[in-house]
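Colleague: Here is what each chain is made of, one letter per residue.
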Amino acid sequence: MNRITAAFQNGKAFIPFLTGGDPDIETTERLIEAMADAGADIIEIGVPFSDPIAEGVVIQEASQRALAVGCTVDQLFDMVARLRGNGVNIPLIFMGYGNSVYGYGAEKFMARCKETGVDGLILPDVPFEEREEFADLLEAYGVTQISMVAPTSRDRARAIAREARGFLYCVSSLGVTGVRTSISDQIGEIIALAREESDTPCAIGFGVSTPEQARDMAKIADGVIVGSAIVRQIAEYGRNSVPIVAEYVKTMKQAVLSQGK
Amino acid sequence: MSKGRFGPYGGQYAPETMMAALEELETAYEHFKNDPEFQKELDYLLREYAGRPSLLYYAEKMTKDLGGAKIYLKREDLNHTGAHKINNALGQVLLAKKMGKTRVIAETGAGQHGVATATAAALLNMECEVFMGEEDTKRQALNVFRMELLGAKVHPVMSGTRTLKDAVNETMREWVTRIADTHYVIGSCMGPHPFPIIVRDFQKIIGEEIKAQLLEKEGKLPDAVLACVGGGSNAIGAFYDFIGDESVRLVGCEAAGRGVDTYETAATVATGRAGIFHGMKSLFCQDEYGQIAPVYSISAGLDYPGIGPEHAYLALEKRAEYVPVTDDEAVEAFGYLARTEGIIPAVESAHAVAYAMKLAPTMGKDQVLVINLSGRGDKDVAAIARYKGVELYE
Numbered sequence: 001m002n003r004i005t006a007a008f009q010n011g012k013a014f015i016p017f018l019t020g021g022d023p024d025i026e027t028t029e030r031l032i033e034a035m036a037d038a039g040a041d042i043i044e045i046g047v048p049f050s051d052p053i054a055e056g057v058v059i060q061e062a063s064q065r066a067l068a069v070g071c072t073v074d075q076l077f078d079m080v081a082r083l084r085g086n087g088v089n090i091p092l093i094f095m096g097y098g099n100s101v102y103g104y105g106a107e108k109f110m111a112r113c114k115e116t117g118v119d120g121l122i123l124p125d126v127p128f129e130e131r132e133e134f135a136d137l138l139e140a141y142g143v144t145q146i147s148m149v150a151p152t153s154r155d156r157a158r159a160i161a162r163e164a165r166g167f168l169y170c171v172s173s174l175g176v177t178g179v180r181t182s183i184s185d186q187i188g189e190i191i192a193l194a195r196e197e198s199d200t201p202c203a204i205g206f207g208v209s210t211p212e213q214a215r216d217m218a219k220i221a222d223g224v225i226v227g228s229a230i231v232r233q234i235a236e237y238g239r240n241s242v243p244i245v246a247e248y249v250k251t252m253k254q255a256v257l258s259q260g261k
Numbered sequence: 001m002s003k004g005r006f007g008p009y010g011g012q013y014a015p016e017t018m019m020a021a022l023e024e025l026e027t028a029y030e031h032f033k034n035d036p037e038f039q040k041e042l043d044y045l046l047r048e049y050a051g052r053p054s055l056l057y058y059a060e061k062m063t064k065d066l067g068g069a070k071i072y073l074k075r076e077d078l079n080h081t082g083a084h085k086i087n088n089a090l091g092q093v094l095l096a097k098k099m100g101k102t103r104v105i106a107e108t109g110a111g112q113h114g115v116a117t118a119t120a121a122a123l124l125n126m127e128c129e130v131f132m133g134e135e136d137t138k139r140q141a142l143n144v145f146r147m148e149l150l151g152a153k154v155h156p157v158m159s160g161t162r163t164l165k166d167a168v169n170e171t172m173r174e175w176v177t178r179i180a181d182t183h184y185v186i187g188s189c190m191g192p193h194p195f196p197i198i199v200r201d202f203q204k205i206i207g208e209e210i211k212a213q214l215l216e217k218e219g220k221l222p223d224a225v226l227a228c229v230g231g232g233s234n235a236i237g238a239f240y241d242f243i244g245d246e247s248v249r250l251v252g253c254e255a256a257g258r259g260v261d262t263y264e265t266a267a268t269v270a271t272g273r274a275g276i277f278h279g280m281k282s283l284f285c286q287d288e289y290g291q292i293a294p295v296y297s298i299s300a301g302l303d304y305p306g307i308g309p310e311h312a313y314l315a316l317e318k319r320a321e322y323v324p325v326t327d328d329e330a331v332e333a334f335g336y337l338a339r340t341e342g343i344i345p346a347v348e349s350a351h352a353v354a355y356a357m358k359l360a361p362t363m364g365k366d367q368v369l370v371i372n373l374s375g376r377g378d379k380d381v382a383a384i385a386r387y388k389g390v391e392l393y394e
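Chains as they are written, first to last, in the working numbering: chain A, 1 to 261; chain B, 1 to 394.
Because the hints were derived from the structure by calculation, they are not lab data. The reader is advised that the hints may include incorrect statements.
Computed far set for chain B versus chain A, every beta-carbon distance over 12 Å [to be verified]: (1) Ala21; (2) Pro36; (3) Lys40; (4) Asn125; (5) Ala141; (6) Arg173; (7) Asp261.
Estimated spans, in silico, between C-beta atoms of each pair [said to hold, decoys possible]: (8) B:Arg273 with A:Arg82: 39 to 47 Å; (9) A:Arg131 with B:Gly67: 26 to 34 Å; (10) B:Leu123 with A:Ile220: 53 to 61 Å; (11) A:Arg154 with B:Arg273: 33 to 41 Å; (12) A:Arg131 with B:Asp35: 28 to 36 Å; (13) B:Lys98 with A:Arg82: 50 to 58 Å; (14) A:Arg131 with B:Gly244: 31 to 39 Å; (15) B:Tyr393 with A:Arg239: 19 to 27 Å; (16) B:Glu134 with A:Gly70: 37 to 45 Å; (17) A:Arg158 with B:Lys98: 23 to 31 Å.
Selected chain A positions facing chain B (in silico; Cβ < 8 Å) [what the hints assert, rightly or not]: (18) Leu67; (19) Gln75; (20) Gly87; (21) Asn99; (22) Glu107; (23) Ala111; (24) Val126; (25) Thr152; (26) Leu174; (27) Ile220; (28) Asn240.
No experiment lies behind these values; they were computed from the predicted model shown. Yeah, the Cβ is synthetic: ideal placement off N, Cα and C, and Gly gets one too.
Assemble the whole structure, with the sequences as input and the hints as a guide.
Modeller: Structural data, given as structure tokens:
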């Protein structure tokens, strides 16, 4: 079984996101270790990009902070290699934009994923229609591209689900990333369609911040992704954010676990 | 290979939330472009409202002064709202209305596309919101007020470099937030498929008119067609009908800013490389990690780190050539055209005038060079005064 898919076997999965290099690489590294210890099943590491068109203000600003301190994807690869050396075994996924891969050199990028231990990629601007862009290289280097569905996907959801690997990233609602006070249940219908086509686990992201929301989402999905809420804690507490984020991850994992397998 | 390709370029590199809307747009466009009613309505608006066909003017004084090719100016500056942008804005807003949308959003750099979209929206009873880099709202304050007069809401964009690329980012973010009743009127031949084709189709009337008008005046095809290129909509509009006519040299004039050997440039073909951004694969100014470069030009309309995918392909195939023109050269040409022909061009269009000043003297007197004068320069007068260190009190 795909390592990423296997991470959904410890009950409902909790998948935190943080922006790599915010506020600096050392803190990101400590945060990832602490999140893994606190029960994160998979961790998404944002590759900072100059123009993140799918992100809300919180993650845009985190990207800018990381770039301002000179964070590069090479530093993130080196960090992943160190984390693997220090016994972090859960799947680590890079979330970035197509040009972070293409502009770096796609083959070199995939080779470094394999060499350092990056299991997968989430590329919001490389949709189903463009899946051939990196398909051969992903295959050659054993890297999984995570597919996304959104409330607007409708008929597309079936085709996307059929080819999904790792897990299916289900965008909860319209718009960009960011904390939302209420999340509609539109995505539930899309998940139902996807499940008719595939056994690949479904994880919901965009807008989730509270344990109550996580519990509700875990009722209809196999996992819950939280980004902006964590990035906001990191923005507020900087280098001192590690225990705060770890405690939050623990609480959120408990919340999704309450919904069973 | 995915849809909407120009050789290796183009495609649909857009977030999943946008994909259904792109499909809907493609289906609607494929229907309406062959719908005689739609075409009749658009043709009426272009003639009776926008003032088409625009004139093809023989610039006799400029021709004599430069002493080479006969120079014609395609007067897109005489269109309603003062630029070629109205061709695309009327087309897309009409299309959006036919699709049942009630609201349009747009990005703008210099403000010309924002003004054109606000105008079309006012005429066709659509709600309109325009996103403009905060830096550009300062450079082009007058256009901000024009858009507001036309009933549009203008959002200054505070992210990134606060210029055109950031305005595009923010408009894309807005579109995925409210996509069902809203159409994104992209202003240039860029973005995910089908936008590069839609914008080109609504602009190709420029080249079709040039061809017919010049045949009437000179009985021949032009030897060269020049246009400025940011995203490249006026250039693709002027070039498209001539792509099959191999004797016609097609020259896109890019904004080199302070020079292609500096970081303060926006000349994408000269300094960029292939990348994936703003929904398309094309050429972009970027660093070794694929971070998009903070580009610069005196012209807010050309201050963009990419180029439309069809231009990238024409450059790859060497069917069109792309040349860099600096701020200094453009400002010089701005004044030259004003003094010589009594026409104040947009500083964007002045980039094409500047290269014509170099190219025309190298051509024969029996040859014809057409400059697409994409917009008028009223909006730039204050900025040019600042550039020259002249203080104005309004």
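Colleague: Now, for every hint given, state plainly whether the structure supports it.
Modeller: Right, here's what the structure says about each hint:
Separation of B:Ala21 from chain A is inadequate, the least Cβ-Cβ distance of about 7 Å not exceeding the 12 Å criterion. Distance check for B:Pro36 against chain A: the nearest CB is about 31 Å away, which clears 12 Å, and the non-interface claim stands. No Cβ of chain A comes within 12 Å of the Cβ of B:Lys40; the nearest lies about 33 Å off, and the non-interface call holds. Once the 12 Å rule is applied to beta carbons, B:Asn125 is consistent with being away from chain A; the minimum gap is 25 Å.
The Cβ of B:Ala141 sits about 25 Å from the closest Cβ of chain A, beyond the 12 Å cut-off, so the non-interface label holds. Consistency note on B:Arg173: stated as away from chain A, yet its beta-carbon is not over 12 Å from all of that chain's, at 5 Å minimum. Listed as outside the interface, B:Asp261 is consistent with that label: its C-beta sits roughly 22 Å from the nearest C-beta of chain A, beyond the 12 Å cut-off. One distance hint, 39 to 47 Å for the beta-carbon pair B:Arg273 and A:Arg82, is violated here, with the actual separation near 31 Å.
Separated by about 57 Å at the C-beta atoms, A:Arg131 and B:Gly67 break the suggested range of 26 to 34 Å. Between B:Leu123 and A:Ile220 the C-beta distance comes to about 45 Å, which lies outside the given range of 53 to 61 Å. In this structure the hint that A:Arg154 and B:Arg273 lie 33 to 41 Å apart at CB holds, the actual value being about 37 Å. The hint said 28 to 36 Å for the Cβ distance between A:Arg131 and B:Asp35, and at roughly 33 Å that hint holds.
Range check, B:Lys98 to A:Arg82: Cβ separation about 57 Å, and the 50 to 58 Å hint holds. Between A:Arg131 and B:Gly244, the C-beta spacing of about 34 Å keeps the proposed range 31 to 39 Å intact. Between B:Tyr393 and A:Arg239, the C-beta spacing of about 51 Å breaks the proposed range 19 to 27 Å. Taken as a hint, the range 37 to 45 Å is violated for the pair B:Glu134 and A:Gly70, whose Cβ atoms sit roughly 25 Å apart.
Judged by the Cβ atoms, the range 23 to 31 Å given for A:Arg158 and B:Lys98 holds: they are separated by roughly 29 Å. Interface restraint check for A:Leu67: the shortest CB-CB distance to chain B comes to about 7 Å, inside 8 Å, so the restraint holds. Restraint check, A:Gln75 versus chain B: the minimum CB separation of about 10 Å is more than 8 Å; hint violated. Given the 8 Å rule on beta carbons, the hint for A:Gly87 is violated: about 29 Å separates it from the nearest Cβ of chain B.
At about 4 Å, the closest approach between the beta carbon of A:Asn99 and any beta carbon in chain B falls short of 8 Å, and the interface hint on this residue holds. A hinted interface residue such as A:Glu107 counts as satisfied when its beta carbon comes closer than 8 Å to some beta carbon of chain B; here the least separation is about 14 Å, so the hint is violated. Among the interface hints, the one on A:Ala111 is violated; its C-beta lies about 16 Å from the nearest C-beta in chain B, farther than the 8 Å criterion. Hint status for A:Val126: holds, given a least beta-carbon distance of 6 Å to chain B, under 8 Å.
Given the 8 Å rule on beta carbons, the hint for A:Thr152 holds: about 4 Å separates it from the nearest Cβ of chain B. For the restraint placing A:Leu174 at the interface with chain B, the shortest Cβ-Cβ distance is roughly 6 Å, inside the 8 Å limit, so the hint holds. The interface hint given for A:Ile220 is violated, since its Cβ lies 18 Å from the closest Cβ of chain B, which is over the 8 Å cut-off. The beta carbon of A:Asn240 is not positioned within 8 Å of any beta carbon in chain B (closest approach about 27 Å), and the interface hint is therefore violated.
Checked against the numbered hints listed earlier, the structure breaks hints 1, 6, 8, 9, 10, 15, 16, 19, 20, 22, 23, 27 and 28; every other hint is satisfied.
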